[in-house]
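Undergrad: Could you put the whole structure together from the sequences, leaning on the hints where they help?
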Amino acid sequence: MLSRTANNLFWLSRYVERAEYLARIIEATQRLTTLPLAYVGSTNEWESVVATAGCADAFFKTYSEANESNVVDFLALSPDNPSSIRNCFEIARTNARAVRTALTVEMWDAINGTWLELKRYGNSPTTGEGAVRFLRWVQESSLRYDGSASRTMLRNDAYWFSRVGVYIERADNTARILDVKYHVLLPEHERVGGPLDYFQWASILRSVSALNSYRWVYRDSLKPWLIADFLILNTRLPRSLAACYENLVQHLDQIAQDYGRQGPAQRQARRIGTRLQNSSMEDIFQGGLHEFIGEMLGDNNRLGATVTEQYLM
Amino acid sequence: MAVAFDEMTGTDGTIRPAYAELSRWLGQVEPNVLDYRRREAELVFRRIGITFAVHSDVEAQERLIPFDVLPRILAAAEWDIVRLGLEQRVRAINLFIKDIYGRRDILRAGLVPEDLIFQNPVFRPEMNGQRVPYDIYVHIAGIDIVRVDETTFYVLEDNARTPSGVSYMLENREIMLRLFPELFSRHRIAPVENYPEELLATLRSVAPAGGSAAPTVVLLTPGIYNSVYYEHSFLADKLGIELVEGSDLFVKDGGVFMRTTEGPQRVDVIYRRIDDDFLDPLAFRDDSALGVPGLMSAYQAGHVTLANAVGTGIADDKAIYSYMPQIVDFYLKETPILKNVPTWRCREPEHLAYVLDHLDELVVKEVHGSGGYGMLIGPKATTAQLAAFRAKLKTHPTNFIAQPTLALSTCPTCVDEGVAPRHVDLRPFVLTGRDRIRIVPGGLTRVALESGSLVVNSSQGGGTKDTWVLDG
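Top line first, the protein sequences correspond to chains A and B.
Residue numbers for the first sequence follow this note's numbering, beginning at 1 and rising by one.
Residue numbers for the second sequence follow this note's numbering, beginning at 1001 and rising by one.
Keep in mind the hints are simulated off the structure, nothing from the lab.
Among the clues, some could well be false.
[As the list claims (entries may be wrong)] Just a few of them, taken from the derived set where beta-carbon distance is under 10 Å, the chain A residues facing chain B:
hint, residue
1, Met1
2, Leu2
3, Arg97
4, Ala98
5, Thr101
6, Trp108
7, Asp109
8, Asn112
9, Gly113
10, Leu116
11, Leu118
12, Arg120
13, Tyr159
14, Phe161
15, Gln257
16, Met313
The beta carbon of each residue, even a glycine, is placed where N, CA and C say it ideally should be.
TA: So this is what it looks like as structure tokens:
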């Protein structure tokens, strides 16, 4: 297929995934900030949302303070933030138009329908009930796109490239949450934190839609050690780093098989995947959780660049 | 202006046979059903994203062309006249272009003035002496036809560069099948859905000789900001070919390749929807970012086929148009089946004098204009507009032609007040391949939605209709 087509599919999926991720972290934080301060600690949660979204620089250029209305405005509907939810959907739709022939009717319907509905939201409302509905709608739109892709696309390179986009973006998102929140997951917190950190932990799990599944997997109360294990190493959680890499390795291999040629992208993905497979939480905490996450973010970015170089340009 | 011929009720109010069923059906159907279907159609179009952009209209960057749910119906015998006329016309056009870039017999015979060719900005000296595969220049033509009575069809314009609108022909039919199954079951309607099949066969048939047995065909688009981008992606999808932009292609060792995830892949035929000017920055406009550097040299060396060929604009020029009857006669020794609208060329002093004297009766068009822009409709113009045009004509007479206002036929159309006659034209698409000419029965009917208006262009508020050719 055309490199440009593959590139558009790759980014189309990434932007849809990113929109959903932004909606989830906003939602989780809104919940967290409705609690009395004594339950949350004194940190500014909205500032960490901006950091988790990876747009602190851009944000503080426009606003001096990170509070709910500023942050939600900026992340949800601001036309000035290049990766606001609005812009994610706008770019996704532009990409979709450019590769219509590679999309199924259902996928196009999903993305075009989302874009048409987006117009209805205008520049408001990003607080209160309107915001709740908006954030739900964003997640549903993403599910619809993702569902129509996996249910209707031919299993060929177009599908695999779009999946590779999803998983690189998803790994990046999960790693970012860990990167900003790693301090509440450090072992010493278990001692000092106690009930205070419970809500922080719940919020982390909620932002990767994993609060209920945590209980089913670990059959234990929330423990930072296990939460870190869940998000990093447990392949049963679809948003864990290990699960993302299991999928990346598989989809890149399918491309290689189809084209009859392995390349640097395959090798790189396999190396990261193997590292996740062979790590234990002990090793990771020993080497430093923050350092590990930092390396993962870097590795993941580099894989994106390698895929681009090998196939997309 | 004479009373217009209505395709359903003729001139005396009697229902014509082709419309018998439709008329009966209209008599039975509840009025709100039509309105309901009309809104349903709009929703479907919006969902599918069949939009087009109007250049000057920033507000509505993506607009829908209004769709009228009542079909325009042609009887088999009427269509036969049109079809034979189209074949004849396009054969003549191809011979004319071959001659212009070759032996120039027609210029030597003095039938067409030389300066009209050589000083024409759409004439491409690069094509002089250049042979193209099977001598086909215009592979895809869109010929605009109007009708004035029972048997007379006029050609209004020959579109020989990159005619658009065929996606509407196809989508209009799909929507009609969805909305009015009961109406279809009352008729036998010739299908149009095989157009992509015919187009692909046409494009493959003109691949460079000696190339691959299964030639690679691509569609070259200027990109998503083009006003008819939707059509480009629609066609590429239906044809099962890659939709490429200039940056997807490159020229190496004389051949044209596209960049794919598996490395470079050779391209044999380019169905290009980019104007000559933008095809190749090395040969034409060097500020074009849409084209492919070196494409023209690969083309001239015969390593790739462009459809349509470079330089076909010379045949869809409005000044050349006025010579079409002579052109048909010169190359085919036949009488034109489709008439030409009598045309005054303002470049000729006697013609100009006549035009200036009768400005309020005439339609004046710019020679290189399209889309209904820069046009004067004399009978509808204000005194001020007439004065302004008179001045323009005197300063730049060569830029203009003038034609009498034709009483275009009307068709029953759904408007706010109910069903009323509105003026229509027809753009059928003519495909010319190595083996034969292919025309799917029908085309794009455009309708002027305003009462009495003669301007059917979509950029000026015109709408479209499904066109039915009855079988037998």
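Undergrad: Using 10 Å as the Cβ threshold, decide whether Asp109 (chain A) counts as touching chain B.
TA: The hint holds - Asp109 (chain A) has a Cβ within 10 Å of chain B, the shortest such distance being about 6 Å.
Undergrad: Let's test the interface hint: is any C-beta of chain B closer than 10 Å to that of Leu118 (chain A)?
TA: violated (14 Å)
Undergrad: Regarding the hint that Phe161 (chain A) lies at the interface with chain B, is the smallest CB-CB distance below 10 Å?
TA: With a minimum Cβ separation of about 7 Å from chain B (threshold 10 Å), the hint on Phe161 (chain A) holds.
Undergrad: Against chain B, run the beta carbon of Thr101 (chain A) and see if the smallest gap drops under 10 Å.
TA: With a closest approach of 4 Å, the Thr101 (chain A) hint holds.
Undergrad: Using the nearest Cβ pair, does Met1 (chain A) come within less than 10 Å of chain B?
TA: holds (5 Å)
Undergrad: Next item in the hint list is Gly113 (chain A). Is there a CB on chain B closer than 10 Å to its CB?
TA: Constraint on Gly113 (chain A) satisfied, holds at 7 Å.
Undergrad: Closer than 10 Å between Cβ atoms is the bar; does Ala98 (chain A) clear it against chain B? Give me holds or violated.
TA: holds (5 Å)
Undergrad: Does Trp108 (chain A) hold up as a contact with chain B if the rule is Cβ-Cβ below 10 Å?
TA: holds (7 Å)
Undergrad: Can we keep the Arg97 (chain A) interface hint, with Cβ of chain B closer than 10 Å?
TA: holds (5 Å)
Undergrad: If you take the shortest Cβ to Cβ gap from Asn112 (chain A) to chain B, is it below 10 Å?
TA: holds (5 Å)
Undergrad: So, as I understand it, the hint says Met313 (chain A) touches chain B; can you test that by seeing if any CB pair is closer than 10 Å?
TA: Check passed: Cβ of Met313 (chain A) comes within 8 Å of chain B, closer than 10 Å.
Undergrad: Grab the minimum C-beta distance from Leu2 (chain A) to chain B and call the hint holds if it beats 10 Å, violated otherwise.
TA: holds (5 Å)
Checked against the numbered hints given earlier, the structure breaks hints 11, 12, 13 and 15 and satisfies all the rest.
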